[in-house]
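Peer 1: Given next are the chains, with one letter for each unit.
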Amino acid sequence: MEKYYLGIDLGSTTSKAVIINQKDEIIGRGITNTRANYKVAADIAREEAVYDARFTLLSQKLQEEINTKPEFKKYMEDIRSVFQYRQFKRRMDSLEKTFRETVDGFKYDNKAEILAEINKIIEIIRPQIRHEFVNENLGSKNQFFRDIVCERYNNEVEKASKPLFEPLMLAFDKSINPVENEMVQFNFKELVHESMKNLEEKYEGLVDEQEDGSKEDWYYAELNAVKDNYKNVEYTLRQHIDEIADQDIHIATMVGTGYGRALLPFPENCIKSEILCHAFGAHALFPNTRTVLDIGGQDTKAIQVDSHGLVTSFHMNDRCAAGCGRYLGYIADEFGISLNELGPEAMKADKETTICSTCTVFAGAEVKELLHNGEKRPNILAGLHKAIIQRAMSLIARSGGVRNEFTFTGGVARNQAVVKYVTQMVTDAYGEVTMNIHTDSIFMGALGGAMFARRNLNVDLPTQQKKMKKVTP
Amino acid sequence: MKDLKTIIEECKDLSFDLNFTRAKEWKEEKPDRVVVGYMPIYFPREIIHAAGGLPVGIFGGGDRKQIIKGDAYYQSYICHIPRSIIELALDKHMEHIDGFIFPSICDVIRNLSGIFKQQKLGKFVKYMDFPQNFLPQIGGVFYQQEMQHVLKYIKEINGKVPTTEELNHSIDLYNKNRQMIEYIYDVRQEFPWRLSIEDVYCIVRAGTVIPVEEHNEILEQVCELIKEEIGTPQDKIKVVISGAFCEQPSLGLIKAVEESGCYVVDDDYMLGSRMILGDIDATTEKPLESIALSYINQSQYSSSIYDVHNPKENRLAKIVKDRGADGVIFASASFCDPSLLDAPIFQNAFDAMGIRYIAFQFSENINQYKVIKEQVGTFSDSIKLWEDEPINA
Amino acid sequence: MAKEAQKEKSMILQKEMIEGLFNDLANAKELGKKVCYTFIPGNLSELIRTFDMLPVYPEINALQSAMRKKSAAYIKEAERNAHSEDVCTYVKCDVGMMMKGNIGPTGQKIPEPDVLLLSYTGCFTFLKWFETLKREYPKAKVIMVHTPYQENAEMTPEMTQYMVKQFQEEVIPQMEEVTGIKYDEEKLKAHLRLSAKAEDLITEIFDTTKHKPSPIDAYFAGVYYIGPINIGFRGTQKAVDYYEELLKEINIRIEKGQGPITPEGEMKEEKYRLVVEGPPNWTSFREFWKIFYDMGAVIVASSYTKVGGVYDYGWRHDPDRPLEALAEYCMNCYTNLNIPQRIDLLKKCITEYDADGYMTNSIKSCNSFSAGQLGMMREIEDSLEVPVGFIESDLVDPRYFSYSNIKNRLESFFQMLEQRKSMEKETESV
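Chains as they are written, first to last, in the numbering used here: chain A, 1 to 473; chain B, 474 to 866; chain C, 867 to 1296.
Don't take each hint at face value.
In the BS3-like style, the derived pairs of lysine-lysine whose C-alpha atoms are separated by at most 27 Å in a straight line are [as the list claims (entries may be wrong)]: (1) A:K351 x B:K843; (2) A:K351 x B:K485; (3) C:K1214 x B:K593; (4) B:K785 x C:K942; (5) A:K351 x B:K538; (6) A:K159 x A:K97; (7) B:K791 x C:K1007; (8) C:K1076 x C:K1214; (9) C:K1005 x B:K785; (10) B:K709 x B:K794; (11) B:K759 x C:K875; (12) C:K1134 x C:K1078; (13) B:K785 x C:K1007; (14) C:K1287 x A:K23; (15) A:K120 x A:K97; (16) C:K1005 x B:K791; (17) B:K625 x B:K497; (18) A:K348 x A:K368; (19) B:K596 x C:K1213; (20) A:K376 x B:K538; (21) C:K1000 x B:K794; (22) B:K625 x C:K1031; (23) A:K376 x B:K846; (24) A:K23 x C:K1291; (25) A:K348 x B:K538; (26) C:K1214 x C:K1287; (27) A:K120 x A:K162; (28) C:K1000 x B:K791; (29) C:K1213 x B:K593; (30) A:K368 x B:K538; (31) C:K1078 x C:K1213; (32) A:K376 x B:K728; (33) B:K538 x A:K420.
Honestly, the hints are just simulated from the structure, not real lab data. In this text, all values refer to a predicted model and were calculated from it rather than measured experimentally.
Here chain A stands alone, though its shape is the one from the complex (with noise of 0.2 Å):
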């Protein structure tokens, strides 16, 4: 039987999970945000990797057909999506449960105008939701239940009559936490049949778009495709779907790692530094990095490493904020936009303007000075990306600067403008060097776990180890 390894590292904004194979590649990944409950936070992430891993091996079988045909590229892209909306729709049904509760919890005479103003919110976000999922892959920009349904809820709240803004606010506050703490069991086959169902909606409905050339020639290929031979690619997936519906994933060890890895329901002997887990993971994809960058939420660590991705040195930020992920989020709240829209905003600039105190505490006034003064909105926010990376340059010189490859990893690697001055000041101070900036650099830490369970190498901490030896007989 194929062994499967799982790495999952609990950061302080997002938990991810990666499931590799014996060969150590990366056959299923998973993120969730970091909620109160790190438990389920791990859970989910997990069953997220899971899933993701049946898909992979599913698309392994189907490897041929992908290669040749568009239809099933497409419709195996789309099928993700939809597949992760079918989830995403168990716990909005939780969540109109969960709102009934809580309104009938409330004191307010007006219960159920409240309550009727949120069914009616429903009813107009649940559309929009489905659609995104369904037609516009908002499954793969990895954004979380919470966020999905705030954004949507917030927008309609602002439009509701002003006595029903705080009712409406509390409502959502008390009763996203208990929902998105619920540890939901989807089943797989179901989930993938509902999808499908879905996807055959979704091209019965198709109808021939003009060629505009604002879109690649491939999009008509594959539209046009997948319009007309979907009925094909499910016939062939159902001939897969229930082997790998029921093969079971056997992990037969994991690491945790991350910021929260002490919170982690995991044996102690199974917990590792995120130092040595981001180098090692960063090194398997990328072999020749001698140098990682990791901004996590929490920590920004400047790394080194040698030619078997082992940790010669690091350093981490001190105790100060500044320089981490954390920054971006008290930015984001300063400037009352959401952290994804951050780098683009950042990316108007036309010049960075000087931001001193990377403090987090000062920063918040400094930047309405410089607003009060008329700095242009995405000139503060350029000057502010720079002024993080510049933290993470010092800490990248105090480990002993820049050796080529350098690897940058963790979530902000997502935003533009972070990897913009990252790119910037690394070649300003340290001449030409190869820049590995992955699209799966938020997840090198959990892959890093799931290589070092695989290898079983030093897994322990070293009075663990005893502990160990008394177990196995």
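Take the given structure of chain A and dock chains B and C to it, following the hints.
Peer 2: Frame of chain A; chains B and C shown alone:
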């Protein structure tokens, strides 16, 4: 003769030139010239001048230098100036500076001298241990030995040993320099609108990076120009600034204080250039002893000098009185041990003496002053209101 | 220590010595003794004893307050009185303690100073500290001793003379004046002779870490070992007796192949040998220590145990040159060494005690230690290729001790060491 505005602009350019270009040009004029950098607060520049050298004040990168390497050397709880100084050094802004002198101000600057040694920056690195013993036969002798040590380093570079005459001549030039600076402060005390505090600051600071002869010429012109009534008086209170003697506030901050309703009639921004009060005897056979005695007997108070025999709070109070100031603004660099550790001493004493004050912290690279402006403005308003109230009310 | 069974005779001796001192202090007036406040680095214990005075060490009071969890309140008290949040917490803890009645670690009141002996050695803040105290105790006499910094990695004859002249013309006459006791050089020499003995012994004790396993922890236990020699007993027979006893106990541990004693008993397995730079955190001293011994890490040398004197290179108080010896002693304290000297000393420790790693505890309060530590670490890492670790905390301000933060970094550090060790083993076996 140049007009005041041109002079000030030139001084400003000199003051904030991170590459010390004037010193570089000066050095290239003759082969045996030596440029010696010194950190705050005070250094007896006379001896460098006499030995054929140009002393250059290194007061940090201000808000004009991006810090990366500096943060690699210093933890977040250490003040800003050592970061920018090491950044300037490692970025080769100071390649033409032959030696570096670190006067004993605090543990941070002291240890920075060690980092310079470790990095092998310059031809020599000298931590100059100013005596904390104020007996001429003990501390005075030790101080002369410290000066000899510096002279020995310069001799190793240019082979020159200054004569008594040369030393006395240098003393004389710096005496004139200080006299004129004091004259400017005296004029400002009475007519603070003639020249703003940031103008004064630039004029004085320029003197730390150019030959004293050139600076004296500038000062002569300025002294002449401000004899005439220029500018218009404004309704502002008069304050003394204390505590910013090492890491320098940005020019914007210096300006912001005055714009917020306070004429700054005395300050310790460029304390080193005004450290010795009055003239140093330029007529003796033992000029080094004269310099040593001047430090022992006639130096300004400073947070880096042991003061139990002559408490600093009384001395600052006297400055406030002599300058006719309405209050004091304590401006300390963030994380500056000497300045911050003195704060309770000053504040407790001033509470007892009834001298009004406010305190804020800055760092050399901040260029947003809204909060400070509000604080200073409120201070100014409160004093003005206080003055308007009839005494018997 | 937690396990009473582990209480060694030396510990009992030390406890008696300290209690005796605080008893004497509480009864200073009755005993007719003058009280001299002074600092550990550059402490002139022998001279203070020559004039029959009782020493008070404000840093020791501060760290004791922290270990008894009282420092937070004291610091707050000082901060209410215009003391900045960003300055030395020893000073604030001391000032706060004074404002709250000056009750010392044994619960007895600490008498007001007759003399503030300002041994300005290796720490600029000392100067500010006593300037502050002088304003609180206007009647006390401040005696300033300026110790020149070893800026050029040397003690020149001029520097020594500068100090000797201060002793002769300032310190001794003023001490005579305060105490009414005439300076007796023979008495001083006798103390110095005993000092040299204690210094020999403590050097031998800290040298025992070359054994594997190391019989002692040179940091967490080391701070106890340096107690007697630093807090006024150097130059006494009591100190010599204490160190002889301690050495005897350690030698027994070596014979038995035992590791260091921790608050939870003997450390069973030595996994990592470390050299530590920087003072410890006092507010969470036990938790801090526990992180290390739980992971099997023993500290084989620390710079902090050298703040009261560096004896590693063979320097001893020389009774034949009494005032010169005092001068050299002051100049030779750890924080009075320049950065390259500190690097050399740490490198020597790493090499001689065969350390696996080098760890910096960067203390917010103490710029004398901290400013430059990052550069030192870089240099040590580069030249010895030894793994380095870096954590931050504070002396006595509990707000600056973040357990999870420190634990997280140390865990990563130890896992890195483990990885490297197993790699080395693999390479060796190949």
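Peer 1: Does the alpha-carbon distance linking K351 (chain A) and K485 (chain B) stay inside the 27 Å limit?
Peer 2: holds, 25 Å
Peer 1: Is the straight-line distance between the alpha-carbon of K376 (chain A) and that of K846 (chain B) 27 Å or less?
Peer 2: holds, 23 Å
Peer 1: Tell me if the straight-line CA distance from K625 (chain B) to K497 (chain B) falls inside 27 Å.
Peer 2: Answer holds: K625 (chain B) to K497 (chain B) is near 22 Å, not above 27 Å.
Peer 1: Do the alpha carbons of K348 (chain A) and K368 (chain A) lie within 27 Å of each other, as the hint requires?
Peer 2: This hinted pair holds, its Cα atoms lying about 19 Å apart.
Peer 1: Compare the distance between the alpha carbons of K1005 (chain C) and K791 (chain B) with 27 Å, and conclude whether the hinted pair is satisfied.
Peer 2: holds, 24 Å
Peer 1: Has the given pair, K1134 (chain C) with K1078 (chain C), been kept, meaning a C-alpha gap of at most 27 Å?
Peer 2: holds, 12 Å
Peer 1: Is K1213 (chain C) within 27 Å of K593 (chain B), Cα to Cα?
Peer 2: holds, 19 Å
Peer 1: For the pair supplied as a hint, K1078 (chain C) and K1213 (chain C), is the alpha-carbon distance within the 27 Å limit?
Peer 2: Within the cut-off at roughly 19 Å; holds.
Peer 1: Take the C-alpha atoms of K159 (chain A) and K97 (chain A), compute the straight-line distance between them, and say whether it is at most 27 Å.
Peer 2: holds, 23 Å
Peer 1: Given the hinted pair K1214 (chain C) and K593 (chain B), is their Cα-Cα distance within 27 Å?
Peer 2: Roughly 21 Å between the alpha carbons, so the hint for K1214 (chain C) and K593 (chain B) holds.
Peer 1: Are K785 (chain B) and K942 (chain C) close enough, with their CA atoms no more than 27 Å apart?
Peer 2: holds, 26 Å
Peer 1: Quick one, are K625 (chain B) and K1031 (chain C) close enough, alpha carbons at most 27 Å?
Peer 2: holds, 24 Å
The structure does not agree with numbered hint 11 stated previously, though it agrees with all others.
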